[in-house]
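A.B. asks: Each chain, written out:
Number of protein chains: 2
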Amino acid sequence: MVKQPAPDATRRSDKSRRAIYAAALALVGEVGYPRTTVEGIAARAGVGKQTIYRWWSSKADVLLEAFLDLGERTARAAGQEPYAVPDTGDLAADLKAVLRATVDELLEPLFEVPARALAAEGLLNEQVGREFVERLLQPQLRLYADRLRAAQDSGAVRRDVDPRIALELFVSPLAQRWLQRTGPITYDYTDTLVDYALHGITPR
Amino acid sequence: MVKQPAPDATRRSDKSRRAIYAAALALVGEVGYPRTTVEGIAARAGVGKQTIYRWWSSKADVLLEAFLDLGERTARAAGQEPYAVPDTGDLAADLKAVLRATVDELLEPLFEVPARALAAEGLLNEQVGREFVERLLQPQLRLYADRLRAAQDSGAVRRDVDPRIALELFVSPLAQRWLQRTGPITYDYTDTLVDYALHGITPR
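Protein sequences appear in the order of chains A and B. For reference, each letter of the first sequence is one residue, going 1 to 204 in the numbering used here. For reference, each letter of the second sequence is one residue, going 205 to 408 in the numbering used here.
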């Protein structure tokens, strides 16, 4: 059974938690994943190392939650429901809205610097890559797949389409432009991706 | 005017060049880009550092040419023309053929390990990223864009489509699966991407 903390303890621990998240994100952005340590995060957050180990088992765990928290706060600041793809019945409009919010997030320096450090580590270190993809990226991709499945039910997407592959037509181009800086990231761009993915590029 | 080397000198320098390429690719795969040095490449290739500086001005230059050379050799070994997108008049077949050859290349360990090390560095180091994207990736993307423009001329692709964005519908998903290990890479997968990109996912 988990003890309910007294109100004061809750406030104190929320404050520590927030400080630890901020320290973890700042540190990984500055020195990279390999040189980020639980000790370094604790020192920067002004807490004892044991405070971190009470809540998390590793730096990967701290960073994972720090990113989840950052994503939630960024979405709410933009007036979006975090980790949701709306279903207004208009598939194109729904996808465009979520991708525009993603553009905002990707261009936010608070997100960009640590996310880039983590993505780079994920390319090299297969275990880190798989863990973060599984826990941060795949849940978001599943939301797109669910939205496409709902569109199949309503007849807006063909039944023979694999939603898990189809979502990559608009998600992956944005990801590659951001990761590899292969082109500008704008609302016009993501709107265009959605139109091409839905309707194709051949004459109808 | 460039002097023609004697045949013996050409053979000798081709052999050194090949050894230097192999050393550069192996080293960047093993220790990463930041710890790869011209000295280290020279030592591993069994040549003097001045031999490398006679032909290249930096480790970035050596690695760039080593990748171009590897790409050419991999393509020829697969029976493909390197750095070409065929135009048989059948757009879907042409794109599928090139993407299948790319799948082979991405799954080749000789390519994968150094390419991953370089891609990771490109995420963190904007200058390295921009240089390698501009000199290695963009030329390949331009070939796809040219092929899509030819398809616009023949009426196989709509005139209002931007070829530079459209190519990302099949190139970027493959790149992301490879970079971030978000899913399996197979011929079936890339064939499906081409079909979705050309015809869209909504009912026709």
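Errors might be hidden in some of the hints.
[Claimed, not checked] Derived DEER-like restraints, expressed as beta-carbon distance ranges:
| hint | chain 1 | residue 1 | chain 2 | residue 2 | range |
| --- | --- | --- | --- | --- | --- |
| 1 | B | D357 | A | D188 | 22 to 32 Å |
| 2 | B | R222 | A | D162 | 41 to 51 Å |
| 3 | B | D366 | A | Q50 | 51 to 61 Å |
| 4 | A | L107 | B | D364 | 42 to 52 Å |
[Said to hold, decoys possible] Chain B residues, not near chain A, derived (Cβ > 10 Å throughout):
| hint | residue |
| --- | --- |
| 5 | E243 |
| 6 | A264 |
| 7 | E269 |
| 8 | E276 |
| 9 | Y287 |
| 10 | A323 |
| 11 | E325 |
| 12 | G326 |
| 13 | L347 |
| 14 | Q380 |
| 15 | Y393 |
Bear in mind the hints are in silico, worked out from the structure with no lab data behind them. Using N, Cα and C, we set each Cβ at its ideal position, and we do this for glycine too.
A.B. asks: Would you list, in rising numerical order, the hints stated earlier that this structure does not obey?
C.D. replies: 4, 10, 11, 12, 14 and 15
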